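All chains, full assembly: derive it from the sequences and hints.
As you go down the protein sequences, you meet chains A and B in turn. Note that the working numbering gives residue 116 to position 116 of the first sequence, counting from 1, and the numbers run on in steps of one. Note that the working numbering gives residue 483 to position 483 of the second sequence, counting from 1, and the numbers run on in steps of one.
Please keep in mind that the hints were generated in silico from the structure rather than gathered at the bench.
With a straight-line Cα cutoff of 25 Å, these simulated DMTMM-like cross-link-like pairs (lysine to aspartate or glutamate) come out:
1) B/K383 <-> A/D116
2) B/K484 <-> A/D116
3) B/K383 <-> A/E179
4) A/K89 <-> A/D35
Listed below are several chain B residues computed to face chain A (Cβ distance under 10 Å; list not exhaustive):
5) T290
6) P369
7) A376
8) Y377
9) G378
10) T382
11) A394
Treat the numbers as computed from the prediction; the structure is a model and nothing was measured. From the three backbone atoms N, C-alpha and C, an ideal C-beta is built for every residue, glycine too.
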Amino acid sequence: MFDTPNREASVSQTDIKINARDVQVFYGDNHAIKDVSVDIEDKTVTAFIGPSGCGKSTFLRCLNRMNDTIDICRVEGTILLDGEDIYDKSVDPVQLRAKVGMVFQKPNPFPKSIYDNIAYGPRIHGLARNKAELDEIVEKSLRRGALWDEVKDRLHAPGTGLSGGQQQRLCIARAIATEPEVLLMDEPCSALDPIATAQVEELIDELKQNFSVVIVTHSMQQAARVSQKTAFFHLGNLVEYGETGQIFTKPNDPRTESYITGRIG
Amino acid sequence: MPLLWLILIVLGIAAAGYLLGRGRALASVGGDRRALHSLPSYYGANVALKAVVPAVLLLLVWLLAQPFYVNSVVSGLIPDSEIAEGSSRGLVLAEVRRTADGLDAAVAAGQMDEGFAGNAGADAAEVTQKLKDAGQIVTSQITAPILRAAQEYRVQNAAGRLWMAIAVIAVAVLGALWGLRETSAEFRARNVVETGIRALLIGAASIAILTTIGIVLSLVFNTVEFFRLYPASDFFTGLNWAPSFSGRGGASDLGVLPLLWGTFYISIVALAVAVPIGLFSAIYLSEYATPRVRAVAKPMLEILAGIPTIVYGLFALLTVGPLLMTVFGKEGLGWMQAGTAVMTAGLVMGIMLIPFVSSLSDDIINAVPQALRDGAYGLGATKSETIRQVVLPAALPGIVGAILLAASRAIGETMIVVLGAGAAARLSLNPFEAMTTVTAKIVSQLTGDADFASPEALVAFALGMTLFVITLGLNIFALYIVRKYREQYE
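As structure tokens, then:
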């Protein structure tokens, strides 16, 4: 049932995009992430799996400093993006988030038209010189988000009027419209039906040609289908990190084995 | 028997019924409450409900009906000769009631004994003197027929009261017995109580609605009466407001336009102050402020809403007016003649409205899902970009609703206008001139000794009706906006 991951891609691309060392996260007094060190490769899909509350989403949100918006959250350790510390004082979290885009669990289209949803990022970052260029970015992003054919005739209809799966693809298209280098996805399919899930997974597979994708998922089948690398989190610790095929067939840690065979979690 | 006692007795019967019903339910299953359909307290509540509800309904109907009955009986005792030229039966009946009340009070104060007060053969002059001695208000010499009628009135009322007490208590007891008879293990007391609660809620809602309808109807009838005396076209298109006072006759100019203009001008100034300040403070409080600042600042802001408007009026009259005078008055720019002006009232009213706008907008902004903010932050938007382009558009329908609510308040505000804006009805564009509003003029038309049948007094109802229609329109418009955009922004 576990597909063999695309080894060619992971072998030919060994650039480290994100390098996290000894990351600790505290919510107030609660130590949510303990000593997590992980290397995320470029042009690869990396899956974070683990039971609820294990810290995988929290760790994901550290990678684009989304945790800054939570007052009581404190992050320690170093996270390097292309060798640059993203928690350095000189780094503007707003600029960082343009480079490290994020897609959330629940589709969250803005209360605007489909076009304006996609154009939002390019507009605030000044990526288009004129209307024609913006139109082009919107079309390209929607095509890459596999949504163009469904919405090309109603670009000015509200984005909230789309179906759940379409909304999520809209959010993905919106995230890639800003040309990020890394795309973080926090359980992007948990609110979707199987057909929409399949469409989004297909999309993730295409996206890895251009981006480094990190996906948090509760579905081990999904992790096996879409990712090349998998990290297993348990109680705030990174238990095991390696090739997806190896994690799912020959895990080194007994806890990983227990989780993927359904004994814990 | 005083009404309070009667009500307490009915409640006592209900309380006893509750305990009895509860006990009977438990006894019927030998103390094993699992065998009952409902919890024992529901059986008790069922008995209590059956004791109270019919009894109270009967009490209400009786209290409403008794005066009509007594009036018709007493009215028959008054010969036509007693009704003076230019007077009416109604006025004589009022005199009878006053006399009866006087007798009641004198008896209660111990200055007259019951036998004398009820003595059908008593001399009218003597009674008048005694009543005057007792400090009761008697308009003139009481005539014998009026005294007889007043005595009959007292008798009828006392009898009515007594029968009412007997009937109400009997109904309460019968209701309680009916409830007790029903009580058995299979009886669905829980469902009955549920129905009772629903009826209570429906009753509360219909009282509110019926009162509203009653108020509107009274406005409508008086407005129609006014338009019979004064042409509607002059009222709605007149550019001059100059009522002649004290109903001394003579032509009054009762044009509503200067008043409406004053109302709108002052409201616009008020909203121009309240909307930006209120909205910005709401954004600060909900998006930027730390929880500790918010915990202090929000209640502080809401204190503004608790200040009585008369205090704002004093503030306008004593502080803001003179302050504006030093800048725009004769010593300054020379635009302002006196401290009372549109600007004074508008500014102060704006301050009054800040908490309305900010508190409502704050709740609405807080209700925008965090997911939307995360989405914008995740795309690299700054805080103010997120708020401007994502949060505010999502919250817009609610904010528009809040602003229109504030507008309704501004239009209906009276005290600040009376003290801050002056009393001159005038059509002018200069915000430093004194103007007045519809509400302030309603006050001035109804206070004083105006005859209530004159157009100068009845115009107040037409003004009230105009104001009502305008605020109703605003509210409907607000609802329309909220509905229309809610579909789009969810």
